[in-house]
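Residue strings, one per chain:
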Amino acid sequence: ETGVTQTPRHLVMGMTNKKSLKCEQHLGHNAMYWYKQSAKKPLELMFVYSLEERVENNSVPSRFSPECPNSSHLFLHLHTLQPEDSALYLCASSQKLTGAGSNQETQYFGPGTRLLVL
Amino acid sequence: QQQVKQSPQSLIVQKGGISIINCAYENTAFDYFPWYQQFPGKGPALLIAIRPDVSEKKEGRFTISFNKSAKQFSLHIMDSQPGDSATYFCAASRGADGLTFGKGTHLIIQP
Numbered sequence: 588e589t590g591v592t593q594t595p596r597h598l599v600m601g602m603t604n605k606k607s608l609k610c611e612q613h614l615g616h617n618a619m620y621w622y623k624q625s626a627k628k629p630l631e632l633m634f635v636y637s638l639e640e641r642v643e644n645n646s647v648p649s650r651f652s653p654e655c656p657n658s659s660h661l662f663l664h665l666h667t668l669q670p671e672d673s674a675l676y677l678c679a680s681s682q683k684l685t686g687a688g689s690n691q692e693t694q695y696f697g698p699g700t701r702l703l704v705l
Numbered sequence: 004q005q006q007v008k009q010s011p012q013s014l015i016v017q018k019g020g021i022s023i024i025n026c027a028y029e030n031t032a033f034d035y036f037p038w039y040q041q042f043p044g045k046g047p048a049l050l051i052a053i054r055p056d057v058s059e060k061k062e063g064r065f066t067i068s069f070n071k072s073a074k075q076f077s078l079h080i081m082d083s084q085p086g087d088s089a090t091y092f093c094a095a096s097r098g099a100d101g102l103t104f105g106k107g108t109h110l111i112i113q114p
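First to last, the sequence lines map onto chains A and B. With positions in the first sequence counted from 1, the corresponding number in the numbering used here is that position plus 587. With positions in the second sequence counted from 1, the corresponding number in the numbering used here is that position plus 3.
Isolated chain A (complex conformation) (with noise of 0.2 Å):
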């Protein structure tokens, strides 16, 4: 296993309902990210939170919404969720080094939520 675990594996929700993804990251890095998995689409990244600042990728919809408490658990909050948010929302981190210069950092996945919206 890669140190990243997320639950639940499995998530079947209305588009009422609101809901939300866990995922810890064991391996003490300090910079955690969500990306999108759809079918036949490259993975999207979504957020990210390094060094406790969130950058955000404007063309995220505000229906996800997420919080990072610490720099081992991120969160995505859903609600009012569409169908076409049906996918694999994987949830990654790495070890971002302070200071200049071009940071190369190996990300490490967790095994992803599939979501499934009805």
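Zero decoy hints are in this set.
Capping the alpha-carbon separation at 30 Å, the derived lysine-lysine pairs in DSSO-like fashion look like this:
(1) K74/B to K627/A
(2) K61/B to K74/B
(3) K45/B to K628/A
(4) K74/B to K628/A
(5) K628/A to K18/B
(6) K627/A to K60/B
(7) K8/B to K71/B
These are calculated hints, taken from the structure and not from any lab test. On a predicted model such as this, the values are computed, not experimentally measured, just so you know.
We have chain A already, so just place chain B on it with the hints.
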């Protein structure tokens, strides 16, 4: 606009053959090019990565070839084995930004 284009979408190779997957990028500011391998039910896992200051990197049966002027890089899997059957993603990043992925290649190695 897709910043990293990957081909082919699917690939079938005989056991013992060479599997070749290609990627092209547009952003010349990218400075890190990893390849990820993903098995069903698992998240992607880093396979091998290269920086633009080298033209080739080899780790076991896996080799990345990098052509900076053409803005292309490729993954070669030598002596392909059935256990290599998976989906492969190329990716690129710039500095501390997150990864930009290709669409993936579904590789099947036939025994």
